[in-house]
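Participant: If you want the building blocks of each chain, they are given just below.
There are 2 protein chains.
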Amino acid sequence: MTEESRSIPIATGVINGGVSDAEAGFDIQPDFEGFHQKNDVFRRSWWDESIKTGKHALFYETYREPLKTFRKADGFTQRDYAFRNAAWHVSNVMSDIQTNEDRWEGFTDPYSLYQGIAAQKQEPESPAAGAAEIKTVSKAFGADLVGIAALDPRWIYKSKFSDKSLTERTNEIPEGMTSVIVTAQAMDYDLIRTVPSALSGAATGLGYSYDAMVVLSIAQYIRNLGYNAVASLNDTALAIPMAVQAGLGEYGKNGLLITEEFGPRLRLGKIFTDMPLAHDRPKQFGVKEFCNQCNQCVKGCPAKAIRGGEPSAERFNMSNIKGIVKWSVDGVKCFNYWAAQNSDCSICIRTCPYNKDYSKWYHRIGVKLAGTRLRGLMLWLDQKMGYGERMKPKLWWQNREDPA
Amino acid sequence: MTEESRSIPIATGVINGGVSDAEAGFDIQPDFEGFHQKNDVFRRSWWDESIKTGKHALFYETYREPLKTFRKADGFTQRDYAFRNAAWHVSNVMSDIQTNEDRWEGFTDPYSLYQGIAAQKQEPESPAAGAAEIKTVSKAFGADLVGIAALDPRWIYKSKFSDKSLTERTNEIPEGMTSVIVTAQAMDYDLIRTVPSALSGAATGLGYSYDAMVVLSIAQYIRNLGYNAVASLNDTALAIPMAVQAGLGEYGKNGLLITEEFGPRLRLGKIFTDMPLAHDRPKQFGVKEFCNQCNQCVKGCPAKAIRGGEPSAERFNMSNIKGIVKWSVDGVKCFNYWAAQNSDCSICIRTCPYNKDYSKWYHRIGVKLAGTRLRGLMLWLDQKMGYGERMKPKLWWQNREDPA
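Read top to bottom, the protein sequences are chains A and B. The working numbering applies: residue 1 is where the first sequence begins, and numbers increase by one. The working numbering applies: residue 1 is where the second sequence begins, and numbers increase by one.
Treat the hints as calculated values from the structure; they're not laboratory data. Only a predicted model underlies this, so the values are computations on that prediction, with no experimental measurement involved. Honestly, I wouldn't trust all of these hints.
Identical copies carry no separate label here, and so any pair may be met within one copy or between two of them.
In silico DSSO-like links for lysine-lysine, alpha-carbon gap of 27 Å or less [what the hints assert, rightly or not]:
#1 Lys360 - Lys139
#2 Lys72 - Lys139
#3 Lys121 - Lys392
#4 Lys333 - Lys304
Here chain A stands alone, though its shape is the one from the complex (with noise of 0.2 Å):
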């Protein structure tokens, strides 16, 4: 570690190579509390009787197991659950191999699928130089995004919860953990266009398989320089923060990072390691003030599951976390749907002006304009433009099945 690394008083909440929560534009009030697992939605649809309904069983199952028999309702027929579930398929493979011990790896888990750690270490000749080989390696390996921050431990969960043997157990970061690398893949624009649809489901699974891919590379990597790397998926720790402290982007409106290069169509990773690293700076480009004033997730939710108005530290239930002004959102009604419907949603990624298809210029024009006062003309402009409007998922199949 660097002078200036260990000095930094993490408890006090001054992170992130010395920036402080108002940089990271966390309002972190007196009565905060760090979060256990149990208090997860999708955990309690496991033991807590107000949410765990046969509705939910049938939800997960179909996941795995090919329903019996399917809709003709476009978006969710055979080829479109088929497609979904087998863009799960490899992240399922992985997180499946201890499910003899009662882990599910990368979920409830951090992942253990690790070779050893060298025997020898390859110091780097500086963090800055640390984090320059991290970064390369990270997009070498399928990362669309990469930060690095300072390891927070608010963000880490107070403890773990196991879906099948409905115990909690303690968190298994290695002591001595320092930095944590967040990755970041993008979701495929045109599936999420489908959303509500089993078929936009598959945007999903594959950036779960990708990301189980890229942070397993990178944890082994590091390992294979002689310094410890654990990496994980959801869980182990509140990913959004930090991915904001790491420098990938803003929290939003609908309870999601936002990025400059993808929006909120993202799928996030992360990796806790001791080898030393140079940390990123959080990155502020708008996205608070054009939240406050767009409103389009907050419309498009089925569930009414996402408020409006001012970042609060109200909570809807214990799904949220305790002593945070934020714009936060009702976990159990946004479940519900999606157990209703029998498959996740992403509506208010969909609906979201910052999800489009940043490889085009005239987007990333406007994403900047977004970030200046321009921001009214924008949000009226991306209305007006119908974008945010779902696609029929069977012109998903047809424009790739038949791209003239």
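Following the hints, put chain B in place on chain A, whose structure we already have.
Facilitator: For chain B alone, coordinates are given in the frame of chain A:
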């Protein structure tokens, strides 16, 4: 199955929707014999005393466990090995899942990592529609190239072999498989430019890791549609003739598949299935004629493992298939070089004039011209411009870490 494909007399070598061996560019002799996996040089390195030496054991070991000490040589430092092995890691995780049952998934054994086959069968509107659908999802899963051929039993291994128990076993392709879907993953152009190096092995490792992900996802997709599908990486069957029949490219003097999109810079995967699918036709773009004039791979091979001159049925040793007139490579010399330098070698990929970054328009024009009577000029130009020369491994890191 359609009437058309059901009537194909595969055994006589008239294959691929009625395509003859001549159309595929195959010259099969009366003494042709199918291949036993045991004779593959990698398998031989476990049982054949003439190849199985201490060096070979170290060669394999260091792909999993980091070396204890590292050379200072550029391209063979700890971070080069760290990157190479991490790139292999996801492929390894999936291959190793069933080692307790003497299986090496994806390599000496086809993958068995699937969810079941759906009870309801979703028949495509036509074999052509089925093929278009498979290509759509394959590309979405990340395949760089995909083609489909009628399954030709001549290329299926007569038996498979376990490196661990040193036993020959029955090949596992289920009865009734009628088609093979051949996928290709492009390897990183710049990494391959650094051959020979441990660093360049990262291109191979990433190729396999992505390949594993793609073929498993495609096979699971087909199973979710109610058809049978089994995938593998290398092995199970000879990938190159299948890729040629599936229209991915031509066979080259270096013993590799040469494609118009990535030259020889690819890893191949295959999925065997009984889903009714239309088949592609072989594609020729002048490789045979170009290779006839060019000897860059022959000159470049430090092991002198590549034979110049005309295609012939002569075999170097038991690792060559019997009864095909073609360019052949001496696998024993090739592998001995790998073991000696403690990393796989791809010099015959690096030096091949077809190995270009085809995202550049002028190379896309160049590959067309190489298929015309201008091939001599193109070959001269290629050498004049210094394509195929080694890039210093250090430069790969420098260019990526400091792109300015």
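Participant: Which hints from the list above does the structure break, by number from lowest to highest?
Facilitator: none
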